[in-house]
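Given the sequences, and given the hints that come with them, work out the whole structure.
No gaps in the numbering here: position 108 of the sequence shown is 108 in UniProt numbering, and each next residue is one more.
Treat the hints loosely; a few may be bogus.
To be verified - Within a straight-line C-alpha distance of at most 30 Å, the following computed DSSO-like cross-link-like pairs (lysine-lysine) qualify:
1) K39 <-> K216
2) K250 <-> K216
3) K216 <-> K47
4) K216 <-> K125
5) K248 <-> K216
Stated by the list, open to error - Simulated DEER-style distance windows between Cβ atoms:
6) W93 <-> G60: 32 to 40 Å
7) R33 <-> A77: 48 to 56 Å
8) I201 <-> F6: 17 to 25 Å
9) F177 <-> F6: 19 to 27 Å
10) V232 <-> P80: 19 to 27 Å
11) L191 <-> M88: 39 to 47 Å
12) G35 <-> P80: 25 to 33 Å
13) E238 <-> P80: 24 to 32 Å
14) G60 <-> G202: 45 to 53 Å
15) I164 <-> W204: 17 to 25 Å
16) L48 <-> Y217: 19 to 27 Å
Hints were generated in silico from the structure; no laboratory data involved. Quick caveat, the model's predicted, so the values are computed rather than measured. Where a beta carbon is used, it is the ideal one built from N, C-alpha and C, also for glycine.
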Amino acid sequence: MTLEKFLQILFSIGSRYYLVAGIYFLIFYVLFRKGFSSKKIQAAYPKLNDYLREIGYSLGTIILFAAVPIFIVQNPAVRPSTTLYDRMDGMGWGYYWFAYLLMFLMHDTYFYWAHRIMHHPSIFKWVHKVHHLSTNPSPWAAYAFHPLESIVETGVFVLFVFTIPIHQSHLFLFFFFSIIYNAYGHLGWELYPAGFSKSWIGKWINTSVSHNQHHKYFKGNYGLYLLFWDRVMGTLREDYDSAFEKVKQKQ
Numbered sequence: 001m002t003l004e005k006f007l008q009i010l011f012s013i014g015s016r017y018y019l020v021a022g023i024y025f026l027i028f029y030v031l032f033r034k035g036f037s038s039k040k041i042q043a044a045y046p047k048l049n050d051y052l053r054e055i056g057y058s059l060g061t062i063i064l065f066a067a068v069p070i071f072i073v074q075n076p077a078v079r080p081s082t083t084l085y086d087r088m089d090g091m092g093w094g095y096y097w098f099a100y101l102l103m104f105l106m107h108d109t110y111f112y113w114a115h116r117i118m119h120h121p122s123i124f125k126w127v128h129k130v131h132h133l134s135t136n137p138s139p140w141a142a143y144a145f146h147p148l149e150s151i152v153e154t155g156v157f158v159l160f161v162f163t164i165p166i167h168q169s170h171l172f173l174f175f176f177f178s179i180i181y182n183a184y185g186h187l188g189w190e191l192y193p194a195g196f197s198k199s200w201i202g203k204w205i206n207t208s209v210s211h212n213q214h215h216k217y218f219k220g221n222y223g224l225y226l227l228f229w230d231r232v233m234g235t236l237r238e239d240y241d242s243a244f245e246k247v248k249q250k251q
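Structure, rendered in structure tokens:
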């Protein structure tokens, strides 16, 4: 039963990753590559070995991501200690929808600080260097983590199920949204319009240009969904706005 459940979770996580990253890759790197080439954030394309490395490490990440729920959600000795509830309306529909905002803010905060810590020189090469082998990332880089980093990334799942009341549909839908945005961050093209980075709302939202700069220069722009912590902590690159507009001028 445990193996069967593990395979179900593995398929769920793997299918959404390969579906989302695959659609991005098919559109931008295969079908419309010629038309989009002049608009790419970095003009060069990754090499075949880069794609294979990213996909290979992503597979390892997916396996680890699938293992964690088995030890927590599917473990009868642990599950009673979690904050999971079974009925969709178990906490009321108002809370159900509010929980997504909580998860969004919690994940963004968790990622920013975990990401900054992984950039500390004493642990970078052991944990985060694999992800930064993609200096010109593709959508397949979204889950291209060293196993130790994968464990760090699963920490937010553990945080969710032990801190806030949460339904399993929260986990499925939120992490589906997460991979969509994560793959966009590694896309290599900017989808937001010109002027977005300086708009009243856009200046707080992370973009593909922002994360691409992080992969290219290894410093600054540590956020996931938002630029809130980068702006508050002074880690947003000073050339971010000009880089964003330069990319949009090509489009």
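I want to verify a distance hint. Is the separation of the beta carbons of F177 and F6 within 19 to 27 Å? 24 Å, holds
Distance restraint evaluation - I201, F6, Cβ atoms, bounds 17 to 25 Å: 41 Å, violated
Please verify whether K248 and K216 have alpha carbons no more than 30 Å apart. 18 Å, holds
Is it true that L48 and Y217 lie within 19 to 27 Å of each other by Cβ? 25 Å, holds
Please test the hint of 39 to 47 Å on the beta carbon pair from L191 and M88. Hint violated: Cβ distance 32 Å, outside 39 to 47 Å.
Starting from the hint 45 to 53 Å, judge whether the C-beta atoms of G60 and G202 obey it. The hint (45 to 53 Å, Cβ to Cβ) is violated, given that G60 and G202 are roughly 35 Å apart.
Whether the CB-CB distance between W93 and G60 falls inside 32 to 40 Å: 38 Å, holds
Would you mind confirming whether the straight-line C-alpha gap from K216 to K47 stays at or under 30 Å? 16 Å, holds
Range hint compliance [Cβ, I164 to W204, 17 to 25 Å]: 23 Å, holds
Should the hint that E238 and P80 are 24 to 32 Å apart at their CB atoms be regarded as holding? Given about 50 Å between the Cβ atoms, the range is violated.
Consistency of beta-carbon spacing, A77 to R33, with hint 48 to 56 Å: 51 Å, holds
Is the hinted pair K216 and K125 satisfied, with a Cα-Cα distance of at most 30 Å? The given pair, whose Cα atoms are some 16 Å apart, holds under the 30 Å limit.
Of the numbered hints listed earlier, those contradicted by the structure are 8, 10, 11, 12, 13, 14.
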